[in-house]
Structure formats: C-alpha cells, structure tokens
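Participant: Sequence:
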Amino acid sequence: SVLLGLAETFNGMANRIQRLISSHKELTNAVSHELRTPLARLRFGIEMLQSSSDEADKKRYIASMNTDIDELDQLVVELLTYARFDRDKPELKFQRQDIKPWLTGIIQQIKTSETNLSIDFEITGKNVKHARFEPRLMARAVGNLLQNAQRYAQGNVGVTFTQDEKNYQIMVDDDGPGIPKSERAHIFEAFKRLDASRDRDTGGYGLGLAIVQRICQWHEGAVMVEDSPLGGARFIIRWPKNDDIQ
Numbered sequence: 103s104v105l106l107g108l109a110e111t112f113n114g115m116a117n118r119i120q121r122l123i124s125s126h127k128e129l130t131n132a133v134s135h136e137l138r139t140p141l142a143r144l145r146f147g148i149e150m151l152q153s154s155s156d157e158a159d160k161k162r163y164i165a166s167m168n169t170d171i172d173e174l175d176q177l178v179v180e181l182l183t184y185a186r187f188d189r190d191k192p193e194l195k196f197q198r199q200d201i202k203p204w205l206t207g208i209i210q211q212i213k214t215s216e217t218n219l220s221i222d223f224e225i226t227g228k229n230v231k232h233a234r235f236e237p238r239l240m241a242r243a244v245g246n247l248l249q250n251a252q253r254y255a256q257g258n259v260g261v262t263f264t265q266d267e268k269n270y271q272i273m274v275d276d277d278g279p280g281i282p283k284s285e286r287a288h289i290f291e292a293f294k295r296l297d298a299s300r301d302r303d304t305g306g307y308g309l310g311l312a313i314v315q316r317i318c319q320w321h322e323g324a325v326m327v328e329d330s331p332l333g334g335a336r337f338i339i340r341w342p343k344n345d346d347i348q
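Every position in the sequence shown, counted from 1, becomes a number in this note's numbering once 102 is added.
Please keep in mind that the hints were generated in silico from the structure rather than gathered at the bench.
Accuracy of the hints is not assured; some may be wrong.
[Stated by the list, open to error] Pair ranges (Cβ atoms, derived):
1) P203 to M326: 37 to 47 angstroms
2) R145 to Q249: 28 to 38 angstroms
3) F146 to Q210: 39 to 49 angstroms
4) M326 to L151: 45 to 55 angstroms
5) V179 to D159: 52 to 62 angstroms
[Unchecked claim] Cut-off 25 angstroms, straight-line C-alpha distance, at most; resulting in silico cross-link-like pairs (SDA-like, lysine to any residue):
6) K231 to D170
7) K160 to D170
8) K213 to P203
9) K343 to R234
10) K268 to K160
Positions of the beta carbon are idealized from the N, C-alpha and C atoms, including for glycine.
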C-alpha cells in the first residue's frame, strides 16, 4: 500500500540519519583524542618553561612545543582535506590519460621528498598505454598510497599498472612490516591506525587511506590490501573500464 511504502521510506531515512549521526560522533571522538595528546604536551611544556631557570632546558622545551604545534597544524590540514572529500561527490572530469608519463610524474614527486627510497615502476600486459579516469583525483589516490608506502618501507616500493578486459588496476607494493589480516577491514576508516606501527614518528592520522577509498568509490571501483611479494603490504586500486562513469 501507499502507507506501507511511505513507512518504509521514512524508516530508511531514519536509519540513514542515525548512521550519519553515529559517524559524526565517532569522528568527533577521534578528533578529540588526536587533539588531546599534543595539547597536553603543550600545557606541560608551558609549565616547565615557567618553572625552569636553565636556558638549555628552556630551549629543549620550546623545540618540543614547536613540534607539537606542527603536529596540530598537520592535523588541521588533514582534517580540512578529509572534510572536502567527505562531502558530496564533486563534478568529475574523466579523461583519457597516457599512463606512463602520468604515473612517472606522481612517482617523481615522491622521490623528490625521499631520496633514499627506491621506487620501481612497470606497466604489464599487451597494448597498455592509456586509461580513463579523473586525473587530479586519481593522482591524489596514488600519491596517498605512495606516501603511505614511503612511511613504512625499508627502502623499496613498487608501482604496477595493468588492465584486463573489464578493469584498470594500479598496485603499490612496499617492503615494510605489512598489515595484519585482522586490521585490513578497518584501515580505510578515518582515523584508523595500527597502534604498533603508526606513531608520532611515522606521522599521519589515518585519513589518507579513507580519501583513497572515497576516490575509488567515485570511480565505481575499490581499494584493497593484501600481502606484497616484497614482504610488506600491497595496496590495489581497481576501477572499471566504463565510459559512462560521470
């Protein structure tokens, strides 16, 4: 009946609203947690500065506080970036790209910031030269995966582009510690980090992979992770050869 249809529609809307509220609560809690630690260190540093008369100690406290300020600044930048990608789907301008120069440019940017990292790049398959995607967004997705690999690799990263009859695929491999199978279902959630391997020294707030997932969804594709032949993690971006994607 009409009433039954309306009831189901309203129930569906209520469920979606509840999920949205829950996700925002989780995000708020995560942000609060991330802010609490550097703010506590800043408060401690101020107290030590006020009570210390030793110039060397004061310099050390100031240096530590500057690091905390940089950490807060990075968090704000990443939050704003994530918020932009978490909003409604942007207008996508899919283009046919020559894969080799496009990927080479992204890799070169990573190499510029990390001179000790070896990045091998290959295109596999017959007649693989072009692919269709939103170049700016897909560059962001691949760049995020490369930055992630850069953080945890021992020294070697591999990038592979391939395709089959239905899909394009980009794989990013590293020789780092890898990702436990028990964590793989959650690493694409915002602020999800592996406690043992992600800390203040390695950087990041778990937002980069969430952005990768969103970009893949906009391409009607997916991102996944598995064990890498290099010994670490292999991230795979896969999206369909679909000229109708808008």
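Participant: Give a verdict on every hint.
Facilitator: Hints, verified against the model:
1. P203 to M326: 37 to 47 angstroms: Violated, since P203 and M326 (Cβ atoms, about 27 angstroms apart) do not stay within the stated range.
2. R145 to Q249: 28 to 38 angstroms: holds, 31 angstroms
3. F146 to Q210: 39 to 49 angstroms: holds, 41 angstroms
4. M326 to L151: 45 to 55 angstroms: The hinted range 45 to 55 angstroms holds for M326 and L151, with Cβ atoms some 48 angstroms apart.
5. V179 to D159: 52 to 62 angstroms: violated, 31 angstroms
6. K231 to D170: violated, 45 angstroms
7. K160 to D170: holds, 15 angstroms
8. K213 to P203: Holds: K213 and P203 sit about 15 angstroms apart, inside 25 angstroms.
9. K343 to R234: Given pair K343, R234 holds - Cα atoms ~7 angstroms apart, limit 25 angstroms.
10. K268 to K160: violated, 62 angstroms
Hints 1, 5, 6 and 10 from the list above are not met by this structure, while the remaining hints are.
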